[in-house]
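Whenever a hint applies, use it, and build me the whole structure from the sequences.
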Amino acid sequence: MAEVPIIRFENVTKQFDDDEPILKHVSFELERGKFYTLLGPSGCGKTTILRLIAGFIQPTSGRIYFNGRLINDVPANKRQVNTVFQDYALFPHLDVFENVAFGLRVKKLPEARVRDKVLEALRFVNLQGFERRKIHEMSGGQKQRVAIARAIVNEPEVLLLDEPLSALDLKLRTEMQYELRELQRRLGITFVFVTHDQEEALAMSDEIFVLNNGRIEQSGTPRDIYDEPINRFVADFIGESNIVPGVMLEDYLVSFGGKTFRCVDGGFHRNEPVEVVIRPEDLELVPPDRGLLTVTVESLLFRGVHYEMIGRDEEGNRWLVHSTKKAQVGETIGLDFEPEDIHIMRLGESEEEFDRRIEAYGVSTDDANA
Amino acid sequence: MTRTLKWTLLAPYMLWIVVFVIIPIALIAWNSFFDLEGRLTLDNFVRFFSPTYLKMSFISIWYAFLITFISLLVAYPTAYVLSRTRHKQLLLLLIILPSWVNLLLKTYAFMGIFGMYGLVNAFLSLFGIPAQEILFTDFSFIFVSVYIFIPFMILPIYNAMEEMPRGLIEAALDLGASQWTVIRRVIWPLTLDGVKTGIQAVFIPSLSLFMITRLIAGNRVITLGTAIEQHFLVTQDWGMGATIAIVLVLMMVVTMRFAQATPRA
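Quick note, the sequences are listed as chains E and A, same order.
Residue numbering for the first sequence follows this note's numbering, beginning at 374 and increasing consecutively.
Residue numbering for the second sequence follows this note's numbering, beginning at 145 and increasing consecutively.
These aren't lab readings, by the way, just hints derived from the structure by calculation.
Cβ atoms here follow ideal geometry from the backbone N, Cα and C, with glycine treated the same way.
Any given hint could turn out to be false.
Said to hold, decoys possible - Covered by chain A, per the in silico footprint, the following chain E stretches (three or more residues, Cβ under 8 Å): (1) 440-453; (2) 457-469.
Claimed, not checked - From chain A, some residues computed to sit far from chain E (all C-beta separations above 10 Å): (3) L180; (4) L238; (5) W244; (6) I278.
Right, dumping it as structure tokens:
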């Protein structure tokens, strides 16, 4: 645990001209050999973080450390990181082999070494036999692999990936998610992956940083973030959520939708107003007399794996339900859920306060799901 | 589109091409086979390979080369910086603007600037330097030619720079390339087509310059262009003038082939 983090941001701010800062006093540490995802809507600052690590831009204030060394003023071509760009940025005048060899030739490696390493990298991404292909002859997925091979052949300590899957179709994207995760395990280096796709983030990461408006809203494992979102933004951005206002009557007892429920969250004041989150897939469809809540179904959509229903309770709260069972529009149904399915969000709580409270009172996510 | 419609639309320009391009070239070719007395002969072509005309050809090519090379030397970094500045449109306009001014006017302006009693010598005299002969030198000839042709070199290179995805430079830096390597291994090969277009646009007209050789170089530089003018207007040897013109056309074909942009998908 005493190992020096591979990358450390200390109070980093980035501002272009007189615009509002794109990053605001961001601090975090990245450990060696993990798969990190920077997740957030466009303009949240995730790509800016990546470009700061790559060295394409310099922070306006704050410090960036690489392996414990301050690298604020180290130019991009002197950093031990490589990038897989969103549009791949492959060199159109070079063939696949020469694209991958670019970094090695810059380092003036002997020809035989270049050849060995390029072929190995291409084998790694399953592109044997494509050495002499022109870039424009390659499909989107193949270009993606060339871009990855071109980056990893330099044996970087950190691989930066800037929305590398966004240009691919759904099926290929899912395939590449597996491949990237697998690649990261095999290489054992740190991956920093930027995306706005929450499913991608949840599927691939060891740890996710959820960004919004130039700040890190929450960081944690995919489970932590999914099950214990810190605030409305994170809950909304990661998956679909029912977020309704409620009141903490006392610890482990919450009131919402006109009723009182047991829950597993503590550390609140008496009668503290809070926001209550229940994931749509945690709501179970039951007959009205057996439900903890009763709602009237307002709309129904068939989504393939499940039905998506929107209902309204007596207080007028909207409830989104995912269920394999079907209800009719206008029908009154009961919704059942467990105390562990209720997640309470304190209004305006910071990440440190949140973590401290969860540690002191919270039943951790894993226990709840055990 | 029907065939008739297509031909109707093409007809005006086709007529133009026939009357003002094909027939004149044919006439020149025809004329090149006649001597001063109007006898059909190949003498003109034999004469072209005499030392006088070969030397003239060499001089033409040499000066065209110098003009093209210096233009490229100045234009390439200019286009590079231009594609990276904030006020591209304004700067681009400033570069193109001189080409809107009449060529003769610009040439006369330079005679005023470089002349014995011109601006440059007036400036030099401030430092007690005696008046220099600047006009009628190789320097002034090349300087003015480069000045006139340089927009045609900058523009295609600038366009090639603009077309090049900016991300490629970052990608090269990311892979450890120095600024110099980025220029040599990414920017230069990807803007080569623009360079070739620019070379065509400057080298070919430079080959047949005659007005600037007369006014700025004071006929000290005799190029093929000057020779054609002399034959048609002074010696009245249309046959020889036409022969030189034909050879020039052939030289241009060779240049075009040599500097042809490589097609890239």
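Taking the hints in turn, this is what the structure says about them:
1. Under a criterion of three residues with beta carbons nearer than 8 Å to beta carbons of chain A, the stated coverage of the stretch 440-453 of chain E is upheld, 4 such residues being counted.
2. Evaluation of the coverage hint for the stretch 457-469 of chain E: fulfilled, as 7 residues show C-beta separations to chain A shorter than 8 Å, against a requirement of three.
3. Residue-level check passed: A:L180 sits 54 Å from the nearest beta carbon of chain E, beyond 10 Å.
4. Annotated as non-interface, A:L238 keeps its C-beta farther than 10 Å from every C-beta of chain E; the closest such distance is 25 Å.
5. Every C-beta of chain E lies more than 10 Å from that of A:W244, the closest at about 35 Å, which supports listing it as non-interface.
6. Non-interface status of A:I278 relative to chain E is upheld: no Cβ of that chain comes within 10 Å, the nearest being about 43 Å off.
This entry satisfies every hint, going by the numbered hints stated previously.
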